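Asker: Sequential numbering of the first sequence, starting at 16, is according to the working numbering.
Check each hint, because a few of them may be wrong.
Unchecked claim - Think about it this way: if two alpha-carbon atoms lie no more than 30 Å apart in a straight line, the pair counts; the simulated DSS-like pairs of lysine-lysine are:
id : residue 1 : residue 2
1  : K137      : K321
2  : K321      : K393
3  : K73       : K101
4  : K28       : K394
5  : K389      : K20
6  : K137      : K73
7  : K137      : K20
8  : K28       : K101
9  : K389      : K321
10 : K321      : K434
11 : K393      : K20
12 : K73       : K94
13 : K233      : K439
14 : K73       : K393
15 : K20       : K439
Calculated directly from the structure, the hints in this document are not laboratory data.
Computed from a prediction, not measured in an experiment: that's the story for all the values here.
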Amino acid sequence: MLDPKLLRDDPAKLIERLNTRGGDFAEVIEQLVALDAQRRASQTEFNRAQAEGNQIGKQVGERLRRGTDAGDPEVFALKQRGIDLKATLAQLQDQERELAERFAALLPTLPNVPRPEVPIGKDENENREMRLWGTPPVFDFEPVAHWDLGERLGLMNFARATLVAQARFVTLVGDGALLERALIAFMLDRHRAHGYLEILPPYLVNTASMTGTGQLPKFAEDSFRCRDDDLWLIPTAEVPVTNLYRDEILTDTQLPIYHCAFTPCFRREAGSYGRDTRGLIRLHQFHKVELVKFCRPEHSSAEHEKLVADAEDVLQQLELPYRVIELCTGDLGFAAARCFDLEVWLPSQNRYREISSCSNFADFQARRANLRFKAPDKKGTEFVHTLNGSGLAVGRTFAAILENYQNRDGTVRVPEALKPYVRKDVLSR
RNA sequence: GGAGAGGUGGCUGAGUGGUCGAAAGCGACGGAUUGCUAAUCCGUUAUAGGGCAGGUAACUCCCUAUCGAGGGUUCGAAUCCCUCCCUCUCCGCCA
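Please take these sequences and the hints and turn them into a complete structure.
Answerer: Spelled out as structure tokens, the structure:
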């Protein structure tokens, strides 16, 4: 959610900056500016009436305390004024509430303002490639897709997952399960070494949490919901971990907070029916290790760079070729002020595929989730800045390892960094 | 699932209709005292919104709201009534 002050200070500038995302925000913002002015005027009026009512209440109390008879004409007159005021008060309150509700309903529909550094562009074609790392492997045979490799090696079984659940689920078997577990442990160990405190959060969260990080109300149809219990299956660890400090005022000395968390993630993938129907790329349930940071506003850019570096480190340790791209204004997610994607090389697809998305939300999420901090010597509170990124999507990492480390005979070498976890050199039948 | 208890400021905890945004204690901060520490004393110590109040500003002042949430009674609600949510304890069941 945006700072309402942006609307008052310089609406033209706000329109200009939001429009870089594509679309035209002029109308909504003008509407909001008008609503905001009306709302404040209405609130002032309502407050005045409330003050008068409080005054009457006090006067009655004072007289009665001094022993004035309850039937005294003066007291009676005061009471009558109080009764008269009630109708006005109710009317003013309704008006104020309606305006506030309309404002509160409209404001969260605005996306975050892209940071000035973000390249202007329409869509993913105008994303900026920041750097390449590693070299895609050269095969003297046709590289096999990870799902074929995986099934032939007995590491995964899609048919049985469909039998047990639905399409877009997988069952990992034997060394497949082991490799998944190894990746999770490896990633968490790396992040812990970099100062992230490991969290194992609930996988079901309430509506307030989903709203706090912005999954609701916009993306309700993308999430799995337990209707009987007001609980949602988390689409990412970002939700429970960011909401850990919802409605809290942190002390400035607590910042920055670094958390890493492994969780399963559940997504309905509504509207992606034709895409990535095979393999581990797009499933209803997948594993992810997430990095989440809370910091002071002035540090969020530097923390963002470090977060990206920490995610990259995992790929480097695994010696998987990847590239880093910066999303342009047109491709930026709703809540993000700036975002870098890490894309890993997938030989069978002969291209880079997203494996991590590292976003700086600035105060956008913090405002929604009411995440603040306070410096003892300063008056008032400030919203923290939140950042998060995958470190990494485990299933996609699994896929990348199979494809990049495959041999002609269909076996797969285990990356050096994973050997202590897998305790094997090669995955074979 | 059955029975009961309870939700008050950073924490503990008083408050059952009238200057209660809320006693007291703890903690924290500022000051005094002190060779140092400790102790003692004094003071400060919630958040948010609004203001056509003052200041370049940091900020100050005023009004309003908030004692789990929403509604009701009343001139007036932390306090009475209703609904909902949540937490805890005991019993049962269960990983």
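Asker: Against each hint, give a clear statement of whether it holds in the structure.
Answerer: Going down the list of hints, with the structure as the test:
1. K137 <-> K321: holds, 27 Å
2. K321 <-> K393: Roughly 28 Å separates the two Cα atoms, so the pair holds.
3. K73 <-> K101: It holds: about 16 Å lies between the C-alpha atoms, which stays within 30 Å.
4. K28 <-> K394: Cα-Cα ~29 Å, so holds.
5. K389 <-> K20: Holds. K389 to K20 sits at ~20 Å (cutoff 30 Å).
6. K137 <-> K73: violated, 61 Å
7. K137 <-> K20: Holds, at roughly 27 Å.
8. K28 <-> K101: violated, 43 Å
9. K389 <-> K321: holds, 24 Å
10. K321 <-> K434: Since the Cα atoms of K321 and K434 sit roughly 27 Å apart, the hinted pair holds (cutoff 30 Å).
11. K393 <-> K20: holds, 20 Å
12. K73 <-> K94: Holds: K73 and K94 sit about 11 Å apart, inside 30 Å.
13. K233 <-> K439: It is violated: about 45 Å lies between the C-alpha atoms, which goes past 30 Å.
14. K73 <-> K393: violated, 35 Å
15. K20 <-> K439: Distance ~58 Å between K20 and K439 Cα, so the pair is violated.
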